[in-house]
Amino acid sequence: MKTFWLLVRAGFRRHSTYRLALLAGTTTNSVFGFIRASILLAALASAGTAIGGYDAPTAIAFVWWGQALLGTVNLWGFAEVKDRVRTGDIAVDFLRPINPQLAYLAGDLGRAGINLLGRGLPAILLGALLFDMAPPPSALSWVSGAVSVVLAVVVAFAGNFVINLLAFWLVEIRGITLLWMITGGLLCGLYLPVPWFPEWLRTIAHWSPFPSMLQNPIDILAGRVVGADIASAVAVQVFWAVALLGLGQLVLRAGRRRLEVQGG
Amino acid sequence: MSERLRPYRVLLASRARAQMQYRASFVTDILGTVGVGLAEFAEVWVIFHNVDVLGGLDFTAALLVFALSNLAFSLADMFVGHLDQLPRYIRAGQVDAFYVRPLPLLAQLMTSDLSLRRVGRLTVALVALTVALTTADIAWSVGTVVLIVLTVVSGTAIFSALFTAAGGLQFFLVDGAEFTNAFTYGGSYAAQQSQQVFPDPLRIFWTFVIPTAFVAYIPAVAILGLPGDHLAPPWLAWCTPLAALLAWAIAGLCWRLGTRHYQGAGG
Amino acid sequence: MSIPTVIETRELVRDFKKTRAVDRMTFSIEPGEAVGYIGANGAGKSTTIKMLTGILKPTSGHVRTCGLDPMRQRVEVARRVGVVFGQRSQLWWDLPLRDSFAILGAIHRMDEPTTRARTDLLVDQLEMGPQLGIPVRSLSLGQRMRAEIAAALLHSPELLILDEPTIGLDVLSKQRLREFLVAERRERGTTLLLTTHDMGDIERLCDRVLVVDRGRLAFDGTLPGLASTVGAQRMLVIDLATPTPDLHDVPGATLVESESGGLRQRLAFDAETTTVAAVLAHVSSRHEVRDLTIEEPDIEDVVRRIYAASGRG
Chain W
1320 MKTFWLLVRA
1330 GFRRHSTYRL
1340 ALLAGTTTNS
1350 VFGFIRASIL
1360 LAALASAGTA
1370 IGGYDAPTAI
1380 AFVWWGQALL
1390 GTVNLWGFAE
1400 VKDRVRTGDI
1410 AVDFLRPINP
1420 QLAYLAGDLG
1430 RAGINLLGRG
1440 LPAILLGALL
1450 FDMAPPPSAL
1460 SWVSGAVSVV
1470 LAVVVAFAGN
1480 FVINLLAFWL
1490 VEIRGITLLW
1500 MITGGLLCGL
1510 YLPVPWFPEW
1520 LRTIAHWSPF
1530 PSMLQNPIDI
1540 LAGRVVGADI
1550 ASAVAVQVFW
1560 AVALLGLGQL
1570 VLRAGRRRLE
1580 VQGG
Chain H
61 MSERLRPYRV
71 LLASRARAQM
81 QYRASFVTDI
91 LGTVGVGLAE
101 FAEVWVIFHN
111 VDVLGGLDFT
121 AALLVFALSN
131 LAFSLADMFV
141 GHLDQLPRYI
151 RAGQVDAFYV
161 RPLPLLAQLM
171 TSDLSLRRVG
181 RLTVALVALT
191 VALTTADIAW
201 SVGTVVLIVL
211 TVVSGTAIFS
221 ALFTAAGGLQ
231 FFLVDGAEFT
241 NAFTYGGSYA
251 AQQSQQVFPD
261 PLRIFWTFVI
271 PTAFVAYIPA
281 VAILGLPGDH
291 LAPPWLAWCT
301 PLAALLAWAI
311 AGLCWRLGTR
321 HYQGAGG
Chain F
16 MSIPTVIETR
26 ELVRDFKKTR
36 AVDRMTFSIE
46 PGEAVGYIGA
56 NGAGKSTTIK
66 MLTGILKPTS
76 GHVRTCGLDP
86 MRQRVEVARR
96 VGVVFGQRSQ
106 LWWDLPLRDS
116 FAILGAIHRM
126 DEPTTRARTD
136 LLVDQLEMGP
146 QLGIPVRSLS
156 LGQRMRAEIA
166 AALLHSPELL
176 ILDEPTIGLD
186 VLSKQRLREF
196 LVAERRERGT
206 TLLLTTHDMG
216 DIERLCDRVL
226 VVDRGRLAFD
236 GTLPGLASTV
246 GAQRMLVIDL
256 ATPTPDLHDV
266 PGATLVESES
276 GGLRQRLAFD
286 AETTTVAAVL
296 AHVSSRHEVR
306 DLTIEEPDIE
316 DVVRRIYAAS
326 GRG
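Protein chains in written order, with the numbering used here: chain W, 1320 to 1583; chain H, 61 to 327; chain F, 16 to 328.
You may find that some hints are simply not true.
Covered stretches of chain H (chain F as the covering partner; in silico rule of three or more C-beta atoms under 8 Å from a C-beta of chain F) [to be verified]:
1. 74-81
2. 143-156
3. 162-174
Think of the hints as simulated: they come from the structure by calculation, not from any bench.
Everything numeric in this text was worked out from a predicted model, so none of it was measured.
All C-beta atoms, glycine included, are put in the ideal place defined by N, C-alpha and C.
Work out the full structure: start from the sequences and follow the hints.
And the structure:
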């Protein structure tokens, strides 16, 4: 556990050296925030009522929490593990006393932490300052929202980790990565709230891990999901976190066997 | 003229050849950009699943705006989108290699890559444009056709100018290169919208500062024969080439400042 | 008609924020010269090259390359100069080597027959035929370096600038590269400016050396001249027929070492004050000499002494 925390802190420090990049990320996220907020407000004005449980202040909260968490949750994936599998460096990871999946998860949590502070916080403050934005309605929303954000980071990491490990068997995982990124981007609730989707698309989204990566924490923090519903939103995330981490362990073990048989 | 352009033709052809070498990943990449185009379209479509009118446009009109801006953006992205990768070129020493070749730096950089995979997104845009133009109620005339052609050309020029300006600024911003995404990719996102969704200050920004309103919305108002409003009167559509020229003037300035800075500070 | 100077700098200065990378550098290089430009890392070598080719703007001073102002006439300079940056490739890594030559030919606006003829010639001289169809990224370092030099020479430049051309190469690759450059100079009279850490490059290729230290020109002259400037001496190794007492009394020479009871003795002598013949005559008039060899000064040592003399490591 101590090693885990050390790795989290290392991930935090490693990514905090790119201050200018964090600021640049905030700027871009904010520009997208302005545009998306305008679109959602125009849609609500056109409908004349709330859509899918979102009124103007919660829609604004949806937009800015989404932009704030965009850098925190690694939606677009990473290639580090894939590259290490390809070069065979992953063998070195197996020799370490900590499970590779946990080691990379720790690093990613550290990365998420600095991004939340350096990139998310300014965006959410800007949104709250310039728009009529719904705050988290209660202390419960704050606390469960925070837990939900951590779970979102874990789910996104665990999914990407599995995809990365496919490099043990596939020469080129680019196609799968692209497919994961595009479907994920659409279904996680980054562009538009999942409740706005037509019935069939919403069903697909609900059976996928993607809403657990963004939509669920946003719903809790924006106050669209309150009371007992919070428990089920978080439970879904826990399910996906456990399922994907477990799958990752299985795939990792299979990959290790393959490595031992082939000698890298 | 053709002799003058031969180096660039050869450079671009070589880039195309290089991408064809890895056919499997090339096809994957094309499908990827089709996916990106479809995801962008899904956003428009999902909104119109909930409302009938957005920012004064019905679905067909919004589809036209989406198509025009995506067409221009994917063309610009295909030809000069790599300009905003400048820090990578600097780190690889590629910029220095360009300096010791007898061609203008910007022209070399522009022709140093050609992202053919973007034809995927381009195709989505073309299909959307065809559907929009055939289903919308348009009073066709020679003027409409000229305006559409003018819009695609000028829109591509405007996005190219944004990428060029981004490249110029990145000589200064090496570590903060992502800053320019705010107006290249952000500009593209803004261009896809009915400008009426924005409050006036933002509309003025996207019309007169970063002129992406000219890429699709302002011409679409004229093409569809809509009344327009105070910030988008139909006649303004004919000023699109002017907006492109101004964007290029500023892009040229950014580029000049950037290269001066590079030669002055040494990268 | 006088042939114009190929490179000319006067009081050339380049500052970076707080440091002065190049300090009042004045030198000129005439057509056909082969000049080694040496100095420690960060001494100002690359900065000078960048100013010569129009990549960097001088802070002050005067610079002309092929009689042109590199800042104002960069394109014209690029037409007449070939540059190889040792660590950076100017080839197209994802295409067969042949394509890189074809593209560079087009960039230099050579017509296709000329490009082909010139490519064939260079490829033949550098023995690169078998590599023409291989993508550049699959070439070995030695092959790539030869390809880089061929690429820089494709447009028949008057001046070839090589920045660390042999860095990381094995002995054989270095050897082939040097032989080619010697031949190229002999045949075409190309002016050569070369930065290197490898003294073998200087000894084999250059008839003149510029030593730069902390941005300043510390030495400009011939290689033997450099050796004598810093007091490095040539060494005469004499093998004698019988064990001989130490040779202390040879005019103009100093005994450095005596081995095997006086069978082999090393005498250091200053080339400026005496000659091998005089030393040999003196020794052989008194003892029977079996064999002799002359050891040239170790150039790395010479450069080290220059740094030491100007207060550096």
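Consistency of the hints with the structure:
With 4 residues having a beta carbon nearer than 8 Å to a beta carbon of chain F, the segment 74-81 of chain H meets the requirement of three or more and the stated coverage holds. For the segment 143-156 of chain H, the proposed coverage by chain F is satisfied: 4 residues have a C-beta within less than 8 Å of a C-beta in that chain, meeting the threshold of three. For the segment 162-174 of chain H, the stated coverage by chain F is satisfied: 3 residues place a CB nearer than 8 Å to a CB of that chain, which reaches the threshold of 3.
Violated hints for the displayed structure: none, as all numbered hints are satisfied.
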